[in-house]
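Number of protein chains: 2
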Amino acid sequence: MTRTQLIAAIRRKKSLLCVGLDTEELLIPEHFRAESHPVRAFNEAIVEVTHDLAVAYKLNLAFYEALGDQGWLDLEATIGYIRSKGDCLIIADAKRGDIGNTARKYAEAFFDLLDVDAITLSPYMGKDSIIPFVGREGKWAVVLGVTSNAGAEDVQFLELKQGGTVYQRTIQHSIGWGTPEDLMLVVGATRPQVVAEVRNIAKDHFFLVPGVGAQGGDLNAVLDAGMTKDGGLLINSSRGILYAGAGEDAIPAARTAARGLQATMALALLEKGVLDRSSVG
Amino acid sequence: MTRTQLIAAIRRKKSLLCVGLDTEELLIPEHFRAESHPVRAFNEAIVEVTHDLAVAYKLNLAFYEALGDQGWLDLEATIGYIRSKGDCLIIADAKRGDIGNTARKYAEAFFDLLDVDAITLSPYMGKDSIIPFVGREGKWAVVLGVTSNAGAEDVQFLELKQGGTVYQRTIQHSIGWGTPEDLMLVVGATRPQVVAEVRNIAKDHFFLVPGVGAQGGDLNAVLDAGMTKDGGLLINSSRGILYAGAGEDAIPAARTAARGLQATMALALLEKGVLDRSSVG
Chain A
309 MTRTQLIAAI RRKKSLLCVG LDTEELLIPE HFRAESHPVR AFNEAIVEVT
359 HDLAVAYKLN LAFYEALGDQ GWLDLEATIG YIRSKGDCLI IADAKRGDIG
409 NTARKYAEAF FDLLDVDAIT LSPYMGKDSI IPFVGREGKW AVVLGVTSNA
459 GAEDVQFLEL KQGGTVYQRT IQHSIGWGTP EDLMLVVGAT RPQVVAEVRN
509 IAKDHFFLVP GVGAQGGDLN AVLDAGMTKD GGLLINSSRG ILYAGAGEDA
559 IPAARTAARG LQATMALALL EKGVLDRSSV G
Chain B
309 MTRTQLIAAI RRKKSLLCVG LDTEELLIPE HFRAESHPVR AFNEAIVEVT
359 HDLAVAYKLN LAFYEALGDQ GWLDLEATIG YIRSKGDCLI IADAKRGDIG
409 NTARKYAEAF FDLLDVDAIT LSPYMGKDSI IPFVGREGKW AVVLGVTSNA
459 GAEDVQFLEL KQGGTVYQRT IQHSIGWGTP EDLMLVVGAT RPQVVAEVRN
509 IAKDHFFLVP GVGAQGGDLN AVLDAGMTKD GGLLINSSRG ILYAGAGEDA
559 IPAARTAARG LQATMALALL EKGVLDRSSV G
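Chains A and B, in that order, give the protein sequences.
Per my numbering: the first sequence ends with 589, consecutive numbering throughout.
Per my numbering: the second sequence ends with 589, consecutive numbering throughout.
Calculated directly from the structure, the hints in this document are not laboratory data.
Incorrect hints may have been included.
Each pair may be met inside one copy or between any two copies, as identical chains are not told apart.
Here are the simulated lysine-lysine pairs, DSSO-like style, with alpha carbons at most 30 Å apart [as the list claims (entries may be wrong)]: (1) Lys469 with Lys321; (2) Lys469 with Lys511; (3) Lys393 with Lys435; (4) Lys580 with Lys469; (5) Lys469 with Lys435; (6) Lys435 with Lys580; (7) Lys435 with Lys321; (8) Lys321 with Lys393; (9) Lys537 with Lys469; (10) Lys393 with Lys469; (11) Lys321 with Lys580.
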């Protein structure tokens, strides 16, 4: 999915929502657990009721790898199902990062075999671990800039001799490795002042923003700090949507949760002038 | 595999060799490609002729993920085959690193489901991304300290205001997150002076050392710089062993290559006093 297509989806759906499919078999309602492929069936139900509200889906690889080869099949099936719904960016949240020949293999695994649009990457190993993922039309490297967890402070917030912090310098490097057409940054929601500061470094790049909801990030603060004239943000919610309700209520509650986030986003997009007033329903 | 068992294997095999199974279907000899599971068959042949010379095997996940669910089955089968040979440490080279609940899922996927002994991890997200992997007897977190690639300089070699570099501070942090019983460090072979310097920071921890061979690292320089009284190093060779020969010669050539590395290691272990002179055959 190209940047132009992504921006069109944002305008059409009036949304910056990314639904995180961190699906845990033990947490999904019992009636799905009776299915032959519980995770897949639950994911499809979630996608069915959110795809008009979400511009992106993020699949957290850990949750599929924990199910072995069956998990890999669930992953493939879920990606196929999302794809069938049209104009949604599909992100493999894999946080890979390795030397060139290995990175090329990961690019093959994710972009060609799994056919996702985007993959999250860790920048610790530098330029040659990122380059194999950029330069392909409609494919995205999503590089960790500053993450939403407490441990972010251990490495990312170290102060540099040259001034600034590790995450600032890493982000300055990263935006030189790709363009706003093929590289996004992960910028956690839990420190809104940091979102604003990263927006000053990377004015046109999309940010994938985790940490709203279960991790405590404030949606409106993130929208204020990070939005651009193109939207510029993909704001992820995983547990807040997947586990919004229990039993038979799980799927309707997921839609309600997604709808609430999307409505807040639509208002912000309108206020920022990304949407014409006439286009907002 | 516990540290005590690992050290016993090093002494018994007179080796610090880790064989990297970065197996590419296109690069393996034709007679394996005719098998129903080519990668698995090739891996088993390699393990068969190297397990008396190697104390560890490292499986690079990218090469298996690039084959989809079949790759995952190859991975499981290869791990089972190595396990059947006894006293070899099995490392999943996955370079994962994510927030706590995701890290716990990865620990489940790798330690419980795949039943590997060790997993490589990226420290960019800090303490809470590493903690779920430590504290389990016989299981290891292998944290990236300083890597063997050129891109290492982009982030790892940045100089800090407090003195030292990002990789030095990251390593100081990392060794506080685990013990020499459950945490190792990845220390690339391509900068031997750095190996010596990291040894001064982490005196008892094992180092997993990639970069000898195809990437240009010098084996004797690494042995001089990093060995301890327990051995203290696992030195990886992937392409130098897997693709040492072609066609029918591939497997014998792999053994010859592994034997050459092991012989150099045995001599160094003897000189360092890790082995008694009487025990060296």
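Quick rundown of the hints versus the structure:
1. Lys469 with Lys321: Answer is neither; intra-copy 45 Å and inter-copy 46 Å both fail.
2. Lys469 with Lys511: Result: close both inside a copy and across copies, 25 Å intra and 27 Å inter.
3. Lys393 with Lys435: neither (34 Å within a copy, 39 Å between copies)
4. Lys580 with Lys469: For Lys580 and Lys469, neither the intra-copy (37 Å) nor the inter-copy (39 Å) Cα distance is at most 30 Å.
5. Lys469 with Lys435: Both, since 21 Å and 23 Å are each at most 30 Å.
6. Lys435 with Lys580: Neither way: Lys435 and Lys580 sit 34 Å apart in one copy and 37 Å across, limit 30 Å.
7. Lys435 with Lys321: So Lys435 and Lys321 fail the 30 Å test inside a copy (35 Å) and across (38 Å) alike.
8. Lys321 with Lys393: The answer is within: 13 Å in one copy meets 30 Å, while 56 Å across copies does not.
9. Lys537 with Lys469: neither (35 Å within a copy, 36 Å between copies)
10. Lys393 with Lys469: neither (49 Å within a copy, 50 Å between copies)
11. Lys321 with Lys580: Result: close within a single copy only, 16 Å intra versus 67 Å inter.
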